[in-house]
Structures are given as structure tokens and as C-alpha cells.
Amino acid sequence: MSTPNEPAKPSASAGSAAASLSQVTIATPAEHDGDEPSEDTISSRGRKAKRAKETKQQELERDGIGPTGRPFREIPDPPPLDRHGPALVMAMCNQKGGVGKTTSTINLGAALAECGRRVLLVDFDPQGALSVGLGIQPHELDQTVYNVIMERSVGITDVIRKTRVDGVDLLPSNIDLSAAEVQLVAEVGREHTLLRVLRPVMNDYDYVLVDCQPSLGLLTVNALTAADGVIIPLECEFFSLRGVALLIDTIEKVQERLNPKLDITGILATMYDPRTLHSKEVMARVVEAFGDTVFDTVINRTVRFPETTVAGEPITTWAPKSAGAAAYRALAREVIAR
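Start counting the sequence shown at 29; every next residue gets the next number (my numbering).
It is worth saying that the hints were derived from the structure and are not from the lab. Ideal placement from N, C-alpha and C gives every residue a C-beta, glycine not left out.
With a straight-line cut-off of 27 angstroms between C-alpha atoms, the simulated DSSO-like cross-links for lysine-lysine are:
1. Lys124 x Lys281
2. Lys308 x Lys124
3. Lys349 x Lys190
4. Lys308 x Lys349
5. Lys289 x Lys124
Quick list of simulated restraints, FRET-style, between CB atoms:
6. Ala351 x Lys190: 26 to 32 angstroms
7. Gly97 x Ser206: 39 to 45 angstroms
8. Arg224 x Glu168: 23 to 29 angstroms
9. Val331 x Gly144: 29 to 35 angstroms
My request is simple: use the sequences and hints to build the entire structure.
As C-alpha cells, then:
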């Protein structure tokens, strides 16, 4: 039996759980009535139905039932630290794009810093979205993580940059990194390159969050080989759900062949819309497959996140009182507790 502070692991293997997701059934259009705007939804009956759904959700939250359908677990306050390091490396990974990896990396890092943790964010995507999200223009950079990986004369401390957030540093990236995947093929121990790069600064940080590219190529394998845990952002949408099995298979291969300590820290439901039946169905299937590995924290859809990208800062500083900021603070507490 698990304790409130230590989520229970799924009874089945992650691979078999993910494989069962292929059997998910989706409701018929009639069962989804009310998900999309229609004449009914703007009628009096539609408005009453919407209010009834909202009231039901509010009642569940008052009873301590979260969007996952489970009671919220009690998460203790993060203990203060008397020193920093060695860092835990977390890979933010999902081969499907647009599921909230970069947004979650930035905002989880900022929320961990609010808890007194020192955080290094690693932009390991050639698109450089993480760097852009922190107000840095990738095309203007002379040195990036690519140089640290491919040039022995460049050290990681030469490339790490301070961000606008106290306690959060960035190892930036740009399109140059796309060449590394080809060049690393001929390298000895190519899967351990990122781990080698990070070693000199591991004692300077409490968490290293690696924002992976949306693929399962060599760069992602490098991130998984260096990581202690994987956080899987999962959009509450059917196509995102279907791709989890392939990701879990890759994680298990890395565990077996390259990194025995690798574990799934948690699955983070993102872009959740409590008004739609589809989001609720996907959530139910994910919780059914992965159990307590799914974080209690759920990230709802909101216009605030695109705004923060333009502002070049996390939601915890851009809109500190917003629901999105509160959600990532709750996620940080869960990550620390695990």
C-alpha cells in the first residue's frame, strides 16, 4: 500500500498499460451532444445543461475529487534545503508535438524555483522553443548546447545563461542542434553524450529539466539516458493518447539497455477542457491505464499560456494569481514529493 506522499506504481507494466489504450472506445456524436456550439447549446435548455455540468464539477471539487476522478492526495510542504545538488534530471518527453512539453518545462521550472530549488532548463529541441519562451532569440546565439556537445573546448558553464527568474538558468538551443543527431551517429557512446555534458554542473542544481524534441530519435534517447525520471505531458485528446504506447516502449528499452535507474515520474494531463466529454473520456482511460502515476494536477486550457510565450516569462510571474500558475505550483509540490 502506498503512502500519501509516495504514489503507488501501476499494477501492470507501463508497456502493457499503454498497449491497452489502443482499445479505447470513443463516444458517438449523440453522446457528445453539448461539446460543440450548436443551436441547442445556446438555447435555454443548453444553458441549463451547461450550468448543471459546472455545478456538478464544483461539487466534486468541494468534496476533494479532482479532474482525474480520484480524491486529491495530501502533498506535504516542500522541505527547505540547506544546500543544493546533486540534481535530479527530468526529461519532459512525448513524441507528439503540441502537447505542452515546453510550456510545462518553463512553468514547472519556475514553480520549483519558488520552492527554493535551483533549476537548470535544457533546451534539447532544435526549434529552440524553450529559449524563445524565456525571452531569448535562438538565432542570435553564438554558442548553444550544440557547441557543448560537439566541441570539447566548449564547457557547459560557458553556455549556460541566467533567465529573468531567480534560481532558473538555461542551456539554450537553436537550429544547429539538428546537425548533432547526424554527427553523433559516428561517436563512441553517443547515447551518453548529454549525461557527460551535464556532469560538471550536477552539484550546482537541484533539478535539471530537459525539454525534448517531438520525436524518438537520438537526441531524445540521450535525454532519457541522462534522466532519473520522465514526465510525460499528455494532451487530453485521442491522438495524443494513442502515441503513448510507442513512447513507453522506448522508455523500457532505454531502461533495459542504457539507464536502469530511469523511471516514469508521472503523466501530466494538459490542455484539459472540463466542458467536453471527450477530455473526460481520455482522462478516465489514462487514469485506468496508469493509475497513481498520473499526477493529480491537471493543466486546463487557457489563453494565458500563449500570452506568456510572447512575454518571454513563465506564467508564475506573468499572471501569478491565475489558475495556470496555481496548477504549476501544485505540480511542483507533487514532483518534489515523488
